Amino acid sequence: MKKTALNAMHRQMGAKMVEFVGFDMPVQFEGINIEHETVRTKLGVFDVSHMGEFWAEGPNAFDLVQKVSTNDVSALTDGKVQYSCFPNGNGGIVDDFLVYRFHEEKYLLVVNASNIDKDWVHVNKHNDVSAQLSNASDDISQLAVQGPLALKVMQKLTDEPVEDMEYYTFKVIEFAGVKDVVFSTTGYTGSGGCEIYMPNADAEKIYKAVLEAGEEYGIKPIGLGARDTLRLESGFCLYGNDINDNTSPIAAGLGWITKFTDGNDFIDRELFEAQKANGVPRRLKGFVMQERAIPRQHYEVVDAEGNVIGEVTSGTMSPMLKQGIGMAYLDRPYWKDGSEIFIKIRNKTARALVQRPPFYKG
Amino acid sequence: MNIPENLLYSEDHEWLRVEGDEAVIGITDFAQKELGDIVYIEVETLDETLEKGDVFGTVEAVKTVSDLMMPLGGTVVEVNESLGDEPEGVNKDPYGEGWIIKIKIGDTAELDKLLDHAAYKASIEG
Numbered sequence: 001m002k003k004t005a006l007n008a009m010h011r012q013m014g015a016k017m018v019e020f021v022g023f024d025m026p027v028q029f030e031g032i033n034i035e036h037e038t039v040r041t042k043l044g045v046f047d048v049s050h051m052g053e054f055w056a057e058g059p060n061a062f063d064l065v066q067k068v069s070t071n072d073v074s075a076l077t078d079g080k081v082q083y084s085c086f087p088n089g090n091g092g093i094v095d096d097f098l099v100y101r102f103h104e105e106k107y108l109l110v111v112n113a114s115n116i117d118k119d120w121v122h123v124n125k126h127n128d129v130s131a132q133l134s135n136a137s138d139d140i141s142q143l144a145v146q147g148p149l150a151l152k153v154m155q156k157l158t159d160e161p162v163e164d165m166e167y168y169t170f171k172v173i174e175f176a177g178v179k180d181v182v183f184s185t186t187g188y189t190g191s192g193g194c195e196i197y198m199p200n201a202d203a204e205k206i207y208k209a210v211l212e213a214g215e216e217y218g219i220k221p222i223g224l225g226a227r228d229t230l231r232l233e234s235g236f237c238l239y240g241n242d243i244n245d246n247t248s249p250i251a252a253g254l255g256w257i258t259k260f261t262d263g264n265d266f267i268d269r270e271l272f273e274a275q276k277a278n279g280v281p282r283r284l285k286g287f288v289m290q291e292r293a294i295p296r297q298h299y300e301v302v303d304a305e306g307n308v309i310g311e312v313t314s315g316t317m318s319p320m321l322k323q324g325i326g327m328a329y330l331d332r333p334y335w336k337d338g339s340e341i342f343i344k345i346r347n348k349t350a351r352a353l354v355q356r357p358p359f360y361k362g
Numbered sequence: 363m364n365i366p367e368n369l370l371y372s373e374d375h376e377w378l379r380v381e382g383d384e385a386v387i388g389i390t391d392f393a394q395k396e397l398g399d400i401v402y403i404e405v406e407t408l409d410e411t412l413e414k415g416d417v418f419g420t421v422e423a424v425k426t427v428s429d430l431m432m433p434l435g436g437t438v439v440e441v442n443e444s445l446g447d448e449p450e451g452v453n454k455d456p457y458g459e460g461w462i463i464k465i466k467i468g469d470t471a472e473l474d475k476l477l478d479h480a481a482y483k484a485s486i487e488g
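Top to bottom, those sequences are chains A and B.
Number 362 marks the last residue of the first sequence (the working numbering); no jumps.
Number 488 marks the last residue of the second sequence (the working numbering); no jumps.
It should be emphasised that the hints constitute simulated quantities derived from the structure, not laboratory data.
Everything hinted at is true.
Selected chain B positions facing chain A (in silico; Cβ < 10 Å):
hint, residue
1, 402
2, 406
3, 420
4, 423
5, 427
Values in this document were obtained by computation on a predicted structure and should not be read as measured data.
No residue lacks a Cβ here, since even glycine has one placed at the ideal position from N, Cα and C.
For reference, chain B alone in the conformation it holds in the complex:
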């Protein structure tokens, strides 16, 4: 299971890479493996300001539909358009080409509530 050390994680299996006052968000390697072949990513919240836990999009695998939840509050400033034609990018490279949105962080204090590499690893290994 690939869990990069330089990222933060949510219990909903999203990862987050902080870049100044912005953060890039995607789903973890564990999540993409659980979902199986991803066939559709829908994000229609560009420019919207959302709170932690709000649904910012949906990911559809062949057999399932799952909500994507904000790991912290912020404004969606960019959506990975390449996933429109190639949603399988999330399966192939969940931490790279498979990134889903970029947000402007609302409150940096919320970053402290996210899991680090070790805590996320522990959470999925139960």
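Only chain A is shown next, with the shape it has when bound in the complex:
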């Protein structure tokens, strides 16, 4: 099993460790609910070093990234970040990822840990323009510091102004005494904050500095369990649950990162354009339970008569709302907010209403 540079620290701090896509990762420290609440109200720090990082460089780097990415990479300027996905050539999604533009000829792609190998093969396969590609996944550590107080606290660790950085931008700065740290105002919680990239050798030093800087504000280490409840409460897709090789970005509600602009000739563009024009049979929608019940992945969604109208892709008890929430692919008549649906949970059905996420706005 792979270990991140912070493995020993997690164990020291009493984390409950689990295997997650080949990595030995902390699923929780103190408890998922308290960790979740800490990120919503204060700040928390996640080790997300399992995520993958690819560099695309050289005069043709832009052409490659533009081709494999549904979003319009030409809209990026230096220091900006974009959310996007790789279409697989059959109308499905290879992965969702972030693109960082360092300059015209240098891009960083941050991909899901579960898909590093698959993504690497995919981008290389489509690299017919000879962009310089390198896979830095094993060399880079990543921390996510998330929560309403995150940027204010991180400001203590650098002389560069970071507290008022715009959402989805980044800087390369000296941070906690370490040079060339990538400081990015991105995240997967919906509570604001940053993601910080550094060489493995500096990870422990920076992690300790972050915990120390946050101590007076009640910072806690956060595990993958709360990472999942936080992202779902904010309605962010999880690859493998809500999107996969068989789901299109149009059906997944990712039309906003699928840009049919002039010159954005990405893989599967025509297919997705046709889907946008003609519609898709099922779309990913959020819903909130109206009775005490917790939806889970793969549960069937039915109408009042019991006819199957969809399938749950993610579900949990919202730690902030104390209500069951989830996402499901639903047939067209049930796409409107307020539509009544029923989730089959074991031997009964529980009522839910379609609701556009975020479920919690903090």
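Given chain A, work out where chain B should sit, using these hints.
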């Protein structure tokens, strides 16, 4: 790990406190720690007579759903209603406020097949 000496245990990590011809049932401290934050307890078997090993309810943690199994046969005579609003009671006080059901014992001979404190301790320490 808290394993009270005055209780009986099942291999499915339930505890049982005999009170005359009735028994109070819950899940052990070990089980609640393994599950993590408990967010929902569902028991819809009130007044039903079940056999040993039958599912009498479900416990949902943030990430998992687990069946609750009868450690012995009997009739469910009471359900801990307070867990409806406060399922976290099972995490906080698994042997007290976090009790789940009370049953009327079907066959007291089945009590002999349950584990005592020492045997349960040995079973989870492997």
